[in-house]
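J.: If you want the building blocks of each chain, they are given just below.
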Amino acid sequence: MSEKLHTLTKKDYSSGSDVKWCAGCGDFAVLTQVQKVLAEIGRPPEEYAFISGIGCSSRFPYYMGTYGYHTIHGRALAVATGTKTFNPDLSVWVAMGDGDSISIGGNHFIHTIRKNLDIVCIVIDNQIYGLTKGQFSPTSIKGQVTKTSPSGKRSLPMDPVALALGAGVNFVARTIDRRPKQLAEVLHKAYEHKGFSLVHVLQNCIIFNNGAHDDITNKETRDEHSLILVDGEPMIFGKNKDKAIVLEGLNPKVVNRNFVDESQILIHHERAKEPGLALLLASMRAGKFAGSKTVEKFPIPMGVLRNVEEETYDSITTEQVEKSIALKGKGDLQSMLNSGDTWEIN
Amino acid sequence: MSEKLHTLTKKDYSSGSDVKWCAGCGDFAVLTQVQKVLAEIGRPPEEYAFISGIGCSSRFPYYMGTYGYHTIHGRALAVATGTKTFNPDLSVWVAMGDGDSISIGGNHFIHTIRKNLDIVCIVIDNQIYGLTKGQFSPTSIKGQVTKTSPSGKRSLPMDPVALALGAGVNFVARTIDRRPKQLAEVLHKAYEHKGFSLVHVLQNCIIFNNGAHDDITNKETRDEHSLILVDGEPMIFGKNKDKAIVLEGLNPKVVNRNFVDESQILIHHERAKEPGLALLLASMRAGKFAGSKTVEKFPIPMGVLRNVEEETYDSITTEQVEKSIALKGKGDLQSMLNSGDTWEIN
Amino acid sequence: MNQVAKDHVVIRFAGDSGDGMQLTGSQFTNSSALTGTDIVTLPDYPSEIRAPAGTIDGVSGFQMQFGSQKVNTPGDYPDALVAMNPAALKANIQDLARDGYVLLDIDAFTERNIDKAGYVENPISRKSLFDKKAYSIPITSQTLEALKDFDIPKKAKERCKNFFTLGILFWIYDLSSDFNIKWLKKKFAKKPIIAEANIKVLKEGMIYAQNSSMFQAQYKIHSAPLEKGTYRNVSGNQATGLGLVTAAERAGLKLFLGSYPITPATEILQEITRHKNFGTKTTQSEDEIGGICSAIGASWAGAFACTTTSGPGLALKSEALGLAVITELPLVIVNVQRGGPSTGLPTKTEQADLLQAMYGRNGEAPMPVIAAKSPADCFHQAIEAGRIALKYMTPVILLTDGYLGNGSEAFKIPKVNDLPDLTVKFRTDKDNYQAYARNPETLAREWVKPGTPGLMNRVGGLEKDFLTGAVSHDPKNHDKMVRIRQEKVDNIANDIQDLEVFGDQEGGEVLVIGWGSTYGSIRNKVQKYREEGKSVSHAHITHINPFPKNTLEVMKKFKKVVIAEMNLGQLDKLIRAKYIIETISLNKIQGKPFTENEIAEVVDELL
Amino acid sequence: MNQVAKDHVVIRFAGDSGDGMQLTGSQFTNSSALTGTDIVTLPDYPSEIRAPAGTIDGVSGFQMQFGSQKVNTPGDYPDALVAMNPAALKANIQDLARDGYVLLDIDAFTERNIDKAGYVENPISRKSLFDKKAYSIPITSQTLEALKDFDIPKKAKERCKNFFTLGILFWIYDLSSDFNIKWLKKKFAKKPIIAEANIKVLKEGMIYAQNSSMFQAQYKIHSAPLEKGTYRNVSGNQATGLGLVTAAERAGLKLFLGSYPITPATEILQEITRHKNFGTKTTQSEDEIGGICSAIGASWAGAFACTTTSGPGLALKSEALGLAVITELPLVIVNVQRGGPSTGLPTKTEQADLLQAMYGRNGEAPMPVIAAKSPADCFHQAIEAGRIALKYMTPVILLTDGYLGNGSEAFKIPKVNDLPDLTVKFRTDKDNYQAYARNPETLAREWVKPGTPGLMNRVGGLEKDFLTGAVSHDPKNHDKMVRIRQEKVDNIANDIQDLEVFGDQEGGEVLVIGWGSTYGSIRNKVQKYREEGKSVSHAHITHINPFPKNTLEVMKKFKKVVIAEMNLGQLDKLIRAKYIIETISLNKIQGKPFTENEIAEVVDELL
Ligand SMILES: Cc1ncc(C[n+]2csc(CCOP(=O)(O)OP(=O)(O)O)c2C)c(N)n1
Ligand SMILES: Cc1ncc(C[n+]2csc(CCOP(=O)(O)OP(=O)(O)O)c2C)c(N)n1
Ligand code: SF4
Ligand code: SF4
Ligand SMILES: [Mg+2]
Ligand SMILES: [Mg+2]
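Chains as they are written, first to last, in the numbering used here: chain E, 1 to 346; chain F, 1001 to 1346; chain Z, 2001 to 2607; chain P, 3001 to 3607.
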């Protein structure tokens, strides 16, 4: 590390390149918070590797004053797997769009989660293909009219959070470009979490899907439509904090807070060992699921849904290498070549 | 349909080709039950399309007396998407191994589920790569020693059922090669279910992973390790039916049946609209999850976990075509070519 | 007012992404086309990411050429440049023809904009910055003035300014505004006030030009001697989409398209999605592999199946292409080439996917490859690709590129009955069916639709018996099958048009061979050579695999053969390998076709 | 007993998958190698799916040749065939050399087995079925008899029968059983009774052969004049794995391998996974794309990164290869070719991925391509691939094939210090760093490890400025970069060995050019021609992209150039396109290299 550690600021994590997103694009907020959080963490910029795929959001690495790799569409996590497994000392961050991460990149998404690679993975979800100018993505809502769905999208959206839980994720949070404080908080926790840390950021594409998240950003409606998760606290929401989530059998239910006993209200535990609570929260898919016959409307849970730890892929890999050295001794090339059944020709 | 409908038998659904699986391979049981079930359904063989990828299990179509396509590794569902969307009259069945379906084929797996394509999808899971002679697969257990994990597999297994639920599956069942009756029952239900129907079949690869499912097939242990789901019935298991599942908060718990009130025992409802119950069942991952810090041991739930219906991709596609014809009239080539701004040169 | 007749004119419209330059350009194009001139257009979108307004990165352009002769390209150097702000001026001024002029909105030359464009001082004041003719017109203020009585927001008024520009150009080139006015009324049928405002501004523009003393002359481009018929303006991507729908109909089949968005191919998917009333089904897949695989699944089920993409997407489809080859199913793959390698230059054109199209898959997996030469030709080559695919039961790759896909030209609308009949017969006869028995002439196997009673069969990616189609590991059978798959493709040479020579039919000094979108620029230059009496000829290859049978014969008639392509010599490699003939490779990899000068640099030396 | 000296002998071991033929074969091979003979082996596994015991589909084979001269191939036609059951006999008898003999286990010729093999009657009774010498020996019953006093299950006793066979062969070829006995003791250290049993049976086999009157002679193969040194037997896949580990060590780097299992390449991954104590890290990815992408990510982080696969897998890696090209990172891609197209013939060999290796990606994406010629050569070419990748900062494709990968030969173990020094220097100097500045000689850019203070930079798949590496859409810069990437690869021609001629150095009648695994079969035949005094020479190409600088010069010295490959003429296409020279293409696509006859058929005509 550099000798004279000046206090690192946001600027130390900026590459200084012109940022080329559309004015008003939600990506700016994510960039700002990431840079701010890195400054707060205080590790020198060279220890970070930012990796992305292709998409508006995937331009991310170009704007970071760290090492960066803008790879190909959908493959950021696959590339990151090599980077982090090979050099676990790097702090590896991946930024991707909804299409990049769970359309073309879906297979790497679920498998990098399964492996529990120790990285921070930010999925910037505008529910549209931005860079290619407005086709639907897996997260677009059913019936949504886009350039490739003029008669309406034909399938229900895929939820990155639910998918990640299905793949066995240990840290997952959801937040939104318009809640910078929560975004920063969640990024801090994601950084601190050992293992794959998914941060799902709802983001507004002002050009091709403006207002997709209006219900949870508009002053008038947002409090009714979002459930801010606080570890150890009961799940209460609404402008007047008058609504609460209770359990009815196995299912969550929205109730008027005044009509239930406080003790009945579900308490959030992000570190609950069992995945039940996180799964339940992930199953609360707000109004976005229009057209579904089986999904009820709920406020959308935001914050850290789950935060537990398991061994990471990169650390087990390193451990296996170390064990092998301990067992067989540090590799010696000549002995490796000479091993097995050999014979001499004289 | 053919004029003289003779009573169809299992044989009518066999291609008559020599079956080339190893003696004792669990794949035989699956083949037999599928042929039997088709005979019971009674539709003529030409109305079925069996599609597979690459793997031992993917030889399936060659043995069926129906139309069949043995495609490439991991792509069976992608091919099936075209077949079924184009011709919804066909009954499309896909058979794949664990590697084929959720390793290389993982992206098509989650997206075909998301689209809710109306097919039957059989994942034959031996927790190993059979055809390539014994490398680990995503479903292999952590620490498992295989040809490519001589020091033990480095990650927890991926569970096809949990993954499918994360992707939003509406019908999902789990069964095993050694329970032919349950297998047949589940296949019938999968066929009847409109939409993507996942049948996860645990299967024994006698050559490369023999005994992987011993705990749930051995006479002595199986009743303690499997929870047979019966719609509308309480969840009871154990050799002496002395164990039961109850809910503790949001988490399932195994209890001695004698020490709880019958009414506390969880009742299985495969048609529950909310996904909570299915998610809870999927989170019960039996002893296989050795090495996990967060997963408790449970009996493995077998039978239909979830069975609800949503609109299917193929039917909405057809509907959109029909609506377009109703609106614009049946396509006329000359008018299509002449549409837009035209001018005459004389 | 004096009127000067001109043979052809090139105009480039440039402004901020929000300035509506694409619209202005196409409106002008259509109005001109209506007078019977030939037209070719090319939009130039800003590179992938939207940049801040007013910057060079945010400039959007649209170039068009119209002429009283066949015009083959949107032109090398604009005769007129419309620059709606300083950035547009800066980004384009260097391309202006020697005697060209600039038309600019002086209102946009504010200090802030000048600064954003990266100019140090106002370029208009500094004569030396461009010694070109410039018409500085207060377009924005004139627009606002014209609309002062309209009760609409100022923003909406400002948005009309491109119609003021259009009006000026209409006057300069003596075009009627009738078409435009009709279009505005239709477009804003629900907001008549906006239609009115635009119409008002358009007319004021025309009046302004007429009254101003700036313009010394009006230019007149007479109608071109085009074939009689009904025309429309089509882009290559649109034409490809229409061609595929047409091929399906002519085959009596339903179209299925499996695709994944990618620049610059996405519009084909978007076009086809609009024609559901033909029974067309499309699926936007999770990725390119899903795109081609779903198409293969549909083809197996009896569809006329297609997949569309650009270079990186074609790379992803490599493995599945092999499956289509070995299971011998019809399939059209459209590859709209862009700058490579890797993500490369996604919005620029290139011809560097040819060898990938030929060889980008494991094993011996031959596949016909054809290329369209102009936006309208995309329509015909889409049908040709369908014809070959269906007749020979094979995947076929159709190569176009960003220049063709985005560019447009006048398209003579064919009479449906004049189009090839591609009628397909499925096998339904149960007797003696063998899945890999071949038609002795085409070597195609028969197509059976799943669902057909009595013909149940299984296909797959493993090598198969030459007759039954059952899996076969027999070495001799494999050798036979590898050769027969090659023969089937080679054999198509008997069923395609001869290579035509433009120029010296009996041979001469130099033959320039091209393929794909360089057609127009090569043809123009060769035409000039010939007008100068020089022995330069042009042959343009549409069928690349297999080549037309007379290809060698044609080349041998010329002393020198130049192969011009936007890559490092890919067609050249194929020709040399096949014919063992000395050639001169002319390469340019700059995201655009050759200028006349660039061809001259090489060809002049040979004369 | 009379002993007959023999130059070389080819033995094929064939039996049911469970009969341990691979083991028997390699044990015999090692015992022979210890006497100093040269050896080459080739296993022939049953096709992908395990078939019922006793059937033709279930037959597993292992062929080996040993000789008192360099033997280059496992041999065309076996001199001895060991057939452990009727199916093994039926599947192999047609390949037996004219004067070859069969050794069979008569106990296995039960009615049931005869029937399963598809024989109508007992082939042994029907003399006409094979007019070859046959030794029918009651191997199973003799084995059981030998073990009658052993207290182990009958199954376990039966499993010893292959050692009885081995004993017989040891006697016939006068080999010592010492090595074998040692091996058994070690292998069954924990089950000494099994070791004992096998040793007993082995000795009984030798005694049986000696005592039986069947065998008129013992054959003696004297030791070959091999270079002095320590040898071991390696398969090509093993050698490739060892070569990659070696290259990393010689470069002072850690090896990273990202791979996905696929026949016949999986063993390389399996081999490398064993050498973790070198700091080697491997990942079995979710798919081939994950395999190459993780390798690219590791290379970017400073690893010596590799990915291994076979044809269909290489197809899937196409897109990512382009990313490695444009970001100019070192990477070794090993492609173990198999029969194509599509899934094709996964267990058979072929050379039909060459053009895919050359051109299978979008845009102009040149990449060095080299090929190994024998199992042991895989070791050296893995190092050579590493050398080029690291020195030139480029992905390199190493082509081997199923024949090399599974086959084995005697490998002279090099002294580590004699191996090339591949030491790599990472850039750490902060001053004046430009990400795309190039070494003027190699044209390589510098390698910076993320983590290095002060050198933070961003790379990616978009076209980049020739110096700074920043994204650039400039047309001229793109043209320059496309050409420089090509030049960098072409330039490697200055840094590789000249093409060598075996035969007429000054030129002659016929030059046979080959590449890859056909080396042995071409060399053998050419050697015979030369012994007959005929002017036939052989040149074997290792570096395919770029070719050695003297390639044209070499070819021009010969009247006829024959290019022999296991495909439809892929190297031939490259040579013709590059050198515009007439060649004769000799092709075979039957899953195995040429026999001498097949070469003669073409070459004889030219003499
Ligand atoms: C292999 C490949 N396929 C397709 C594309 C085209 N493409 C680029 S970005 C993109 C999707 C962008 O959407 P998303 O990932 O949601 O990012 P956003 O632009 O919305 O931030 C697509 C389809 C590509 N570059 N490469
Ligand atoms: C593109 C590609 N990659 C790899 C392979 C090699 N391969 C064939 S089957 C298989 C996995 C088989 O395992 P699974 O899917 O679990 O099926 P099983 O054989 O166990 O039934 C692999 C890796 C291939 N054929 N194609
Ligand atoms: S198109 Fe949308 S996502 Fe892309 S930069 Fe613009 S606002 Fe942001
Ligand atoms: S290898 Fe395993 S999965 Fe494959 S056929 Fe044999 S027993 Fe079945
Ligand atoms: Mg998006
Ligand atoms: Mg398996």
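Misleading hints may appear alongside valid ones.
Result set (DMTMM-like, lysine to aspartate or glutamate): computed pairs, CA atoms no more than 25 angstroms apart in a straight line [unchecked claim]: (1) K3476/P to D3498/P; (2) K2070/Z to E1322/F; (3) K2425/Z to E1233/F; (4) K1297/F to E310/E; (5) K189/E to D12/E; (6) K2220/Z to E1248/F; (7) K253/E to E1248/F; (8) K3090/P to D2474/Z; (9) K2006/Z to E2227/Z; (10) K3182/P to D341/E; (11) K1194/F to E1322/F; (12) K1194/F to E1220/F; (13) K1273/F to E1233/F; (14) K2203/Z to D1341/F; (15) K1273/F to E1248/F; (16) K3190/P to D341/E; (17) K2006/Z to D2174/Z; (18) K2070/Z to D2007/Z; (19) K2182/Z to D1341/F; (20) K3476/P to E2605/Z; (21) K2187/Z to E1309/F; (22) K142/E to E1309/F; (23) K3187/P to D341/E; (24) K330/E to D3418/P; (25) K3070/P to D3099/P; (26) K3556/P to D3504/P; (27) K147/E to E1344/F; (28) K147/E to E1322/F; (29) K2200/Z to D1341/F; (30) K3412/P to D332/E; (31) K3557/P to D3498/P; (32) K3006/P to E344/E; (33) K323/E to E344/E.
Since the hints were derived computationally from the structure, they do not count as laboratory data.
J.: When you check the alpha-carbon spacing of K1273/F and E1233/F, does it fall within 25 angstroms?
T.: Within the cut-off at roughly 17 angstroms; holds.
J.: Does the alpha-carbon distance linking K147/E and E1322/F stay inside the 25 angstroms limit?
T.: This hinted pair holds, its Cα atoms lying about 20 angstroms apart.
J.: For K3187/P and D341/E, compute the direct alpha-carbon distance and say whether it is at most 25 angstroms.
T.: 13 angstroms, holds
J.: Check whether the Cα positions of K3557/P and D3498/P lie no farther apart than 25 angstroms.
T.: Within the cut-off at roughly 15 angstroms; holds.
J.: Does the alpha-carbon distance linking K3476/P and D3498/P stay inside the 25 angstroms limit?
T.: 35 angstroms, violated
J.: Is K2425/Z close enough to E1233/F, meaning Cα to Cα at most 25 angstroms?
T.: 55 angstroms, violated
J.: Quick one, are K142/E and E1309/F close enough, alpha carbons at most 25 angstroms?
T.: 16 angstroms, holds
J.: Please work out if K1194/F and E1322/F have their alpha carbons no farther apart than 25 angstroms.
T.: 20 angstroms, holds
J.: Is K2070/Z close enough to D2007/Z, meaning Cα to Cα at most 25 angstroms?
T.: Within the cut-off at roughly 10 angstroms; holds.
J.: Is it true that the CA of K1194/F sits at most 25 angstroms from the CA of E1220/F?
T.: 38 angstroms, violated
J.: Against the 25 angstroms threshold, does the CA-CA distance of K2200/Z and D1341/F hold or violate the hint?
T.: Given that 25 angstroms is the threshold and the Cα spacing comes to 22 angstroms, the pair holds.
J.: Please verify whether K3190/P and D341/E have alpha carbons no more than 25 angstroms apart.
T.: 20 angstroms, holds
Taken one by one, the earlier hints fail for this structure at numbers 1, 2, 3, 6, 12, 21, 27, 33, listed in ascending order.
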